[in-house]
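Asks: Residue numbers (the working numbering), protein chains in the order written: chain A, 1 to 103; chain B, 1 to 349; chain C, 1 to 215.
FYI, nobody ran anything at the bench for these hints, they're computed from the structure. What you are looking at is a predicted structure, and each value in this text was computed from that prediction instead of being measured. Each residue gets a CB set at the ideal place from its N, CA and C atoms; glycine is no exception. Mixed in with the good hints there might be a few duds.
[Claimed, not checked] Pairs of lysine-lysine, BS3-like flavour, derived with a Cα cap of 30 angstroms:
1. B/Lys66 with B/Lys185
2. B/Lys58 with C/Lys192
3. A/Lys30 with B/Lys305
4. A/Lys41 with B/Lys43
5. A/Lys30 with B/Lys228
6. C/Lys118 with C/Lys169
7. B/Lys118 with A/Lys36
8. B/Lys66 with A/Lys30
9. A/Lys41 with B/Lys305
10. B/Lys267 with C/Lys57
11. A/Lys36 with B/Lys66
12. C/Lys176 with C/Lys139
13. A/Lys98 with B/Lys226
14. C/Lys73 with B/Lys152
15. C/Lys16 with C/Lys3
16. B/Lys305 with C/Lys57
17. A/Lys99 with B/Lys118
18. A/Lys98 with B/Lys66
19. A/Lys30 with B/Lys152
20. A/Lys99 with B/Lys228
21. B/Lys267 with A/Lys36
22. A/Lys36 with B/Lys228
23. B/Lys43 with A/Lys30
24. B/Lys226 with A/Lys99
25. A/Lys36 with B/Lys226
26. C/Lys139 with B/Lys152
27. A/Lys99 with B/Lys185
28. B/Lys228 with A/Lys41
29. B/Lys185 with A/Lys41
30. B/Lys43 with B/Lys267
[What the hints assert, rightly or not] Some chain B residues well away from chain A (every beta-carbon gap over 10 angstroms; in silico):
31. Glu18
32. Met87
33. Gly167
34. Pro170
35. Phe189
36. Lys228
37. Ser275
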Amino acid sequence: MAVTHESCAGMGGIRGAGDLVFRMELQGYKINDAKKYVAEKLNCPVEYLADCAEMKDIRESLNISTTQPRPDAAVGIQAKFRIAEILGIPVNSVELFKKQAGF
Amino acid sequence: MANILTRYGDNYIAELSEEDIRADIDDGTADAADRAQIPELTKDEKDYLFEIIADPQKIVSVERGKEVVVSFDAGTLKLTVRNGISMDRSAAILTQERALASDSIELCHVDYSYKPIKPIIAEERQAMEQAQLLSVLPVLYGAMPNMGLYTKPDGPCDNWSELLPAGRIPEARAAQEEAIEHAIKDIVFVASNMIESGADGINFDTVGASGDADVKASLEAVRILKEKYPTTGFEVGMAGEFNLGMHGQLEFDGEIIAGLYPHQQVKMAERAGVSIFGMAVNTNSSESLAWNLARVTTFAKAAVKAASIPVHANVGMGVGGIPLSVIPSCDAVSRVDKALVEIAGVDGL
Amino acid sequence: MTKEEYIKIAIDTMMKGDADAAVANMNAAIADGIDPAELLSEGYSAGIREVGDQFGKGRMFLPELMLAADAMKAVSEVVNAEVEKAGKSVEKRGVMVLATVQGDVHDIGKGIVASLIKTQGIEVIDMGRDVPAQAIVDKAVEVDADLIGTSALLTTTMGEMKVLEELLKEQDLKKKFKTLIGGAPVTERFAKRIGADAYGEDASEAVEKAMALLG
Chain A
1 MAVTHESCAG
11 MGGIRGAGDL
21 VFRMELQGYK
31 INDAKKYVAE
41 KLNCPVEYLA
51 DCAEMKDIRE
61 SLNISTTQPR
71 PDAAVGIQAK
81 FRIAEILGIP
91 VNSVELFKKQ
101 AGF
Chain B
1 MANILTRYGD
11 NYIAELSEED
21 IRADIDDGTA
31 DAADRAQIPE
41 LTKDEKDYLF
51 EIIADPQKIV
61 SVERGKEVVV
71 SFDAGTLKLT
81 VRNGISMDRS
91 AAILTQERAL
101 ASDSIELCHV
111 DYSYKPIKPI
121 IAEERQAMEQ
131 AQLLSVLPVL
141 YGAMPNMGLY
151 TKPDGPCDNW
161 SELLPAGRIP
171 EARAAQEEAI
181 EHAIKDIVFV
191 ASNMIESGAD
201 GINFDTVGAS
211 GDADVKASLE
221 AVRILKEKYP
231 TTGFEVGMAG
241 EFNLGMHGQL
251 EFDGEIIAGL
261 YPHQQVKMAE
271 RAGVSIFGMA
281 VNTNSSESLA
291 WNLARVTTFA
301 KAAVKAASIP
311 VHANVGMGVG
321 GIPLSVIPSC
331 DAVSRVDKAL
341 VEIAGVDGL
Chain C
1 MTKEEYIKIA
11 IDTMMKGDAD
21 AAVANMNAAI
31 ADGIDPAELL
41 SEGYSAGIRE
51 VGDQFGKGRM
61 FLPELMLAAD
71 AMKAVSEVVN
81 AEVEKAGKSV
91 EKRGVMVLAT
101 VQGDVHDIGK
111 GIVASLIKTQ
121 GIEVIDMGRD
131 VPAQAIVDKA
141 VEVDADLIGT
151 SALLTTTMGE
161 MKVLEELLKE
171 QDLKKKFKTL
181 IGGAPVTERF
191 AKRIGADAYG
201 EDASEAVEKA
211 MALLG
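With these hints in hand, go ahead and build the complete structure from the sequences.
Replies: Below is the structure:
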């Protein structure tokens, strides 16, 4: 059922910008405001956010990970460091990483 | 016009005439409007809902550009436990992220309630910390408030489910009030620990399953947590279309909790500091998809209109118009998604 | 007062769950020559059905429902005493064995059904939750029940209702006991498929179906 929901109505997670838009909803933004905020930060049209072709290029250029990260690409917490900076919001796990790593 | 293939809420296929489907849409929206004292769907919305239901395609989808984000309750229970796939929870999270294209996921324990997490909090923290190192998508931690666990013999409080039928109402109410205090402490303890381990948010699932005391405990806990962790997101997913009054007199911020419908529940949730509100409307397995979907869309539209925070419609098994079956049909699921996004305007699923 | 006025007060006492006022109204009506059985049926029973409907819509809450059930019980006792005084035997409408099926621990709904059915003069033997099908059959035989009611909240446990039907057939008891089923995943069509005699969508309908099954 998760596949049906995501295919029919979802933003495609890291195939698109679903993870980023979700992060803004966690900050209390409603869907259209969250999309607008993310699109501005990615410097792309809102329509690109659920488009896997456009978002693959954007994600690779910003080095914020995709479903099939290539060698030398940021993955996991590395990508989230960059996401926190691009979106301009604190990401809890990134803050924890900095603390644990003694930054 | 030939009969239209559709389904009932029990997931079984049915052939209904256009007239029957339109009548069910009328009845479903009228039922929701009457119960919650909210507007019915407009004629145009009902016509569009009919189009969605009658679409001959097996799967329908939202229009390009209208996609929404998807959140999950019982997140890591699904692949590893319910589907029986031998993988640990980190692998399940990465599968959701990289294979199933999920917008977010929830780490959770098989004993999906806050209370039993207390003695295993160190293991849960470790699981969260590892998952956060590996994953990119937002990973929430979630469980149910599950007030029933505070009643004897599982907990310290008298069992109000036994006291109420015995007519011992003051004692039943006192037992619930006592349980609320225990639940708040447990939820705040578990949630604080998981936030300290990097959780992107905390999910409260099936809030209200044990009645209005369950709602009170959850919202009070959110209020404490939001003050403690102002940048963390809190998602509260409800148990049903109105708050069941097991106590009946409990208040949050001076407002009676019992009997509130989604458009009222969401305002109370906002005041507590909730970031994402998950509304739930139970599917009636004896009624058609048209009846159920008209009904849930009516509730959802009113909730979205009232809300200042994102509203997610719970579209799990047997909720939100999704048929009540462990294997709900894709045709019904896709129609539910399209109607809730395009007619009700929900912010997520 | 007229019968209609007594009926109006009867309904009001149920809505308020006021046992004392309910009994006082019934006593006054009897003293005024009103048929207590008619007042019970047209007033108090109608009132408790309304309470059930309001509960189903979230406009009344569980404690109020329980108070109304208590008030109904108190009034029923007055009526029974009156019937006995008139030299007639108190008519018990039947005996029902009620349980949540094996594997299922959800019993809030079943408790509400039990409370409402009791108000209609039916003796309810509530076996609780997580009850094996054979234990339900054994209890029905032991108490010489007329009705067996089962509840399930889970799709994974509703199959136990079919097990019960099969046990009744195997043990040649199907004609002896009528069966009534309910719970969120259960439907009229499921009832027909497994051979149950009736399905109740909610507590109010369960009462109606139970009464119909008892003739």
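Asks: Of the hints given before, which are not true for this structure?
Replies: 1, 4, 7, 18, 19, 29, 37
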